[in-house]
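Put chains B and C on the given structure of chain A with help from the hints.
Chains as they are written, first to last, in this note's numbering: chain A, 26 to 366; chain B, 26 to 366; chain C, 26 to 366.
Hint data in this document are derived by calculation from the structure and do not stem from the laboratory. Quick caveat: nothing in here was measured; it's all calculated off a predicted structure. Certain hints may be false.
Since the list can't tell identical chains apart, any single copy or any two copies may satisfy a pair.
[Unchecked claim] Quick list of in silico lysine-lysine cross-link-like pairs, BS3-like style, CA-CA up to 27 Å:
hint	residue 1	residue 2
1	70	254
2	221	341
3	176	128
4	362	287
5	221	51
6	254	311
7	70	54
8	54	27
9	40	254
10	341	27
11	351	27
12	123	362
13	221	287
14	40	27
15	361	287
16	176	254
17	362	70
18	254	221
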Amino acid sequence: MKFTASEIAALINGKVEGNPDIQIYKLSKIEQGEPGSITFLGNPKYTQYIYNTQASVVIVNDDFVPEQKLECTLIRVENAYNAFAMMLDAYNQIRQNKTGISKLAYIPETASIGANCYIAEFVSIGEHVEVGDQAKIYPGAVIGDNVSIGKGTIIYAGVKIYNDCSVGANCTLHAGVVIGADGFGFAPQSDNQYQKVAQIGNVIIEDNVEIGANTTIDRATLGSTIIRKGAKIDNLIQIAHNVEIGENTVIAAQTGIAGSAKIGRNCMIAGQVGIIGHLEIGDNVKIAAQSGISTTVPADSIIMGSPAFDISAYRKSYVYFRNLPKLVDRLNQLEKKDVNK
Amino acid sequence: MKFTASEIAALINGKVEGNPDIQIYKLSKIEQGEPGSITFLGNPKYTQYIYNTQASVVIVNDDFVPEQKLECTLIRVENAYNAFAMMLDAYNQIRQNKTGISKLAYIPETASIGANCYIAEFVSIGEHVEVGDQAKIYPGAVIGDNVSIGKGTIIYAGVKIYNDCSVGANCTLHAGVVIGADGFGFAPQSDNQYQKVAQIGNVIIEDNVEIGANTTIDRATLGSTIIRKGAKIDNLIQIAHNVEIGENTVIAAQTGIAGSAKIGRNCMIAGQVGIIGHLEIGDNVKIAAQSGISTTVPADSIIMGSPAFDISAYRKSYVYFRNLPKLVDRLNQLEKKDVNK
Amino acid sequence: MKFTASEIAALINGKVEGNPDIQIYKLSKIEQGEPGSITFLGNPKYTQYIYNTQASVVIVNDDFVPEQKLECTLIRVENAYNAFAMMLDAYNQIRQNKTGISKLAYIPETASIGANCYIAEFVSIGEHVEVGDQAKIYPGAVIGDNVSIGKGTIIYAGVKIYNDCSVGANCTLHAGVVIGADGFGFAPQSDNQYQKVAQIGNVIIEDNVEIGANTTIDRATLGSTIIRKGAKIDNLIQIAHNVEIGENTVIAAQTGIAGSAKIGRNCMIAGQVGIIGHLEIGDNVKIAAQSGISTTVPADSIIMGSPAFDISAYRKSYVYFRNLPKLVDRLNQLEKKDVNK
Numbered sequence: 026m027k028f029t030a031s032e033i034a035a036l037i038n039g040k041v042e043g044n045p046d047i048q049i050y051k052l053s054k055i056e057q058g059e060p061g062s063i064t065f066l067g068n069p070k071y072t073q074y075i076y077n078t079q080a081s082v083v084i085v086n087d088d089f090v091p092e093q094k095l096e097c098t099l100i101r102v103e104n105a106y107n108a109f110a111m112m113l114d115a116y117n118q119i120r121q122n123k124t125g126i127s128k129l130a131y132i133p134e135t136a137s138i139g140a141n142c143y144i145a146e147f148v149s150i151g152e153h154v155e156v157g158d159q160a161k162i163y164p165g166a167v168i169g170d171n172v173s174i175g176k177g178t179i180i181y182a183g184v185k186i187y188n189d190c191s192v193g194a195n196c197t198l199h200a201g202v203v204i205g206a207d208g209f210g211f212a213p214q215s216d217n218q219y220q221k222v223a224q225i226g227n228v229i230i231e232d233n234v235e236i237g238a239n240t241t242i243d244r245a246t247l248g249s250t251i252i253r254k255g256a257k258i259d260n261l262i263q264i265a266h267n268v269e270i271g272e273n274t275v276i277a278a279q280t281g282i283a284g285s286a287k288i289g290r291n292c293m294i295a296g297q298v299g300i301i302g303h304l305e306i307g308d309n310v311k312i313a314a315q316s317g318i319s320t321t322v323p324a325d326s327i328i329m330g331s332p333a334f335d336i337s338a339y340r341k342s343y344v345y346f347r348n349l350p351k352l353v354d355r356l357n358q359l360e361k362k363d364v365n366k
Numbered sequence: 026m027k028f029t030a031s032e033i034a035a036l037i038n039g040k041v042e043g044n045p046d047i048q049i050y051k052l053s054k055i056e057q058g059e060p061g062s063i064t065f066l067g068n069p070k071y072t073q074y075i076y077n078t079q080a081s082v083v084i085v086n087d088d089f090v091p092e093q094k095l096e097c098t099l100i101r102v103e104n105a106y107n108a109f110a111m112m113l114d115a116y117n118q119i120r121q122n123k124t125g126i127s128k129l130a131y132i133p134e135t136a137s138i139g140a141n142c143y144i145a146e147f148v149s150i151g152e153h154v155e156v157g158d159q160a161k162i163y164p165g166a167v168i169g170d171n172v173s174i175g176k177g178t179i180i181y182a183g184v185k186i187y188n189d190c191s192v193g194a195n196c197t198l199h200a201g202v203v204i205g206a207d208g209f210g211f212a213p214q215s216d217n218q219y220q221k222v223a224q225i226g227n228v229i230i231e232d233n234v235e236i237g238a239n240t241t242i243d244r245a246t247l248g249s250t251i252i253r254k255g256a257k258i259d260n261l262i263q264i265a266h267n268v269e270i271g272e273n274t275v276i277a278a279q280t281g282i283a284g285s286a287k288i289g290r291n292c293m294i295a296g297q298v299g300i301i302g303h304l305e306i307g308d309n310v311k312i313a314a315q316s317g318i319s320t321t322v323p324a325d326s327i328i329m330g331s332p333a334f335d336i337s338a339y340r341k342s343y344v345y346f347r348n349l350p351k352l353v354d355r356l357n358q359l360e361k362k363d364v365n366k
Numbered sequence: 026m027k028f029t030a031s032e033i034a035a036l037i038n039g040k041v042e043g044n045p046d047i048q049i050y051k052l053s054k055i056e057q058g059e060p061g062s063i064t065f066l067g068n069p070k071y072t073q074y075i076y077n078t079q080a081s082v083v084i085v086n087d088d089f090v091p092e093q094k095l096e097c098t099l100i101r102v103e104n105a106y107n108a109f110a111m112m113l114d115a116y117n118q119i120r121q122n123k124t125g126i127s128k129l130a131y132i133p134e135t136a137s138i139g140a141n142c143y144i145a146e147f148v149s150i151g152e153h154v155e156v157g158d159q160a161k162i163y164p165g166a167v168i169g170d171n172v173s174i175g176k177g178t179i180i181y182a183g184v185k186i187y188n189d190c191s192v193g194a195n196c197t198l199h200a201g202v203v204i205g206a207d208g209f210g211f212a213p214q215s216d217n218q219y220q221k222v223a224q225i226g227n228v229i230i231e232d233n234v235e236i237g238a239n240t241t242i243d244r245a246t247l248g249s250t251i252i253r254k255g256a257k258i259d260n261l262i263q264i265a266h267n268v269e270i271g272e273n274t275v276i277a278a279q280t281g282i283a284g285s286a287k288i289g290r291n292c293m294i295a296g297q298v299g300i301i302g303h304l305e306i307g308d309n310v311k312i313a314a315q316s317g318i319s320t321t322v323p324a325d326s327i328i329m330g331s332p333a334f335d336i337s338a339y340r341k342s343y344v345y346f347r348n349l350p351k352l353v354d355r356l357n358q359l360e361k362k363d364v365n366k
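Just chain A, same shape as in the assembly (with noise of 0.2 Å):
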């Protein structure tokens, strides 16, 4: 695919300062440009890169005075990282446009299948599912009974879901996911054996969801785990039975959440934090990475720890922590002159 400079201006409703036929054929970082890459300079901590970049067109904010000559071709536009990720997004569209369906895909009768669907080779489709217009569902993927599927979304390769489970529109789900698996109950017994609790419930999961590859989200006991519409779950996170993830709550890879945990809207979990079951996070929580958080956070909180707490508290006692041999050595010395005294 080649543009030139004005048709991408057109796109992305900038002015053109230079060849406006120049041709572009990819896109670069600033400080790695190619002749025909595009590019664009949004943190002024990169500026000094536009005077040497070999990139051939560079978009820049409106205000961007340059301090010397430039041999790029410039785009001017409001907010040069908004107009370069909306043309990403452009490029991300017309090299995802799959559609049809292979005739290698297994699809029983009963399922039913909206208009301009990618149903590819090897994808397996369960009784009764609805799949909505324009969705895509890549090679491999396994869909159970009872599945609905919203417009728009796209299940990549090797997706896992489970019986009577719903997905959104808008939503994305990356290679491996498993949704729906079984939860985690088993009832103990008096003989150190254990009685598996049969897992009946389903997963819910809104529009406008991203769940990252591998990651694992687990039906409810009774009832439903339910992910809330736009938020964002990243790779390798385990998900529990019965669990609520709020509206618009982002999670990094690896974090947990055990069993019928409830977390509010807006939070930021970090990475590999654990959350134990039955508690509740209010809307709007930060949690550090590694944290582990064991009872309930009101809301508006920022945490650390394991087990976490106020997370100010947290970096000040950890500096005390990594002082403690010279706090001792203190300690040792007021003891020596209280013997001596």
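Same frame as chain A, but now just chains B and C:
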């Protein structure tokens, strides 16, 4: 599927109090009951909900004495929780009664498949594989050469089992599980490169084991990685080469166990625990979430921390850790007084 | 497969001492030897076992001098451990000699497949894919458009590689690995929603890299996420967008590395480590298990803790942490005396 209250009472050995012909077609929590649903009252904490529940039928303990008028029909049993679990289980078995061998599965002539099995679309079976009666293998699962799978075992979608491994009877392997990938063994060379050490052992999973979604259990270098009968292993767990997990041990999500560690029976290991290699954990050990185990642990220990030690000692130390700024203030005070003397 | 002691001696360049015609058909550990098995004595700690082992043949170092009578046949070599590893490797290659292209694989006309490859059932190959000679792709793997796979590389069952990624020669990707899923990039909007930032870079994996089961390596936003040659990466690891892992660096299971972190050469990173984004780890750095890295780390450091610092300083502080109750007692004593003066 519809059932009447009296049909369900017969199944769970209970007595109907109210309308024996009322129809039930779904399950609910007591606080979220709907007409047509059945629920139970086990925990007295929830007693308040029974007076307003919309559920048509509630299973209660024999000795339940209502303090207000009830709208719902009751089924009285010895233990309401157990009866409800029994009913879920029965429902679950009806729901999962798939049988038959798909024409879209790949099964070589050297493989032997038992009676009444379910082998789904795009399942790949290796040479000389033996699958026991009533086993179920869901779409896209891949079974390597010489693998044996016991009677009644369920292998969910996209499970991968490498050559030469064996899985016992009545096991459940959830979607995305990987059994028998190479152990992580490399011999450092003088030029900083690593030479792979061939991993030619296998994995043996005994009867009644459950393994959660996307968990990985590596094959032994030599000999076997062994999961003893009745062990319950949650999602996203890493079990390295030559590990042995004892009978009826329960391990929560995202825990990792390094090579050649030996874990006893009836242990309870919480989530995100790390256990280093070549050590022994005794029987009945309990390990708190996010702990790191770096030494052998005697039977019956309850431990926490990274590195872990006795849980009540850990908690005491952690309280003082939180109070370190105050302790340092006290130390400062003492020193000041000391200087002033 | 059966071999005689003299055939094995020829393979590993050793000298037989005992019965050269004794038949070997399996491998064992020295402490668990059985008639018909071969084992080795590398670590002197295990010398005691050689006098009672039931193994038929034991590989020993040239300089081994028995102190009791031996029942077994010996093969003397320069380095018993290396010789045994070499033998395992030969055995492993015989075991994994699958070739041929299954009629049940999906391979479009634009793809190019090298000589002597193995492409199994239900493998899905994308447009314009290039697969090198002797590469093996196991059942259910999904290879996206424009992917290249080097000579002799093994892609195990159910691996998913997204569009535009490249994998070098002699690599091994274990079952369930996901290469090239979108990086976790979202721009916060004023209404608390997040706008996805398109991830249009790729992943480049150089030669001789091994990647463990269910590990995920995200594609770069722009440019490439890079795994340099000889790196060894264990199971269930998360490597985020635009990360670079240096040559011959080894990373143990369940570690997570956030976006744009750059890891040096010859590092050893233990299990469950978390590394935050946009920082550099120098060459030859060693990081203890469960550590959290929040700042740039100079070459040759050995660190521990969360946040991590020098390992011996950490251990000292942790000893005092364990003893905090005693330290507080001493502080109490001093204060009491102080008051009493």
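- Any hints from earlier that this structure breaks? Give me their numbers in increasing order, please. 1, 2, 4, 9, 10, 11, 12, 15, 17
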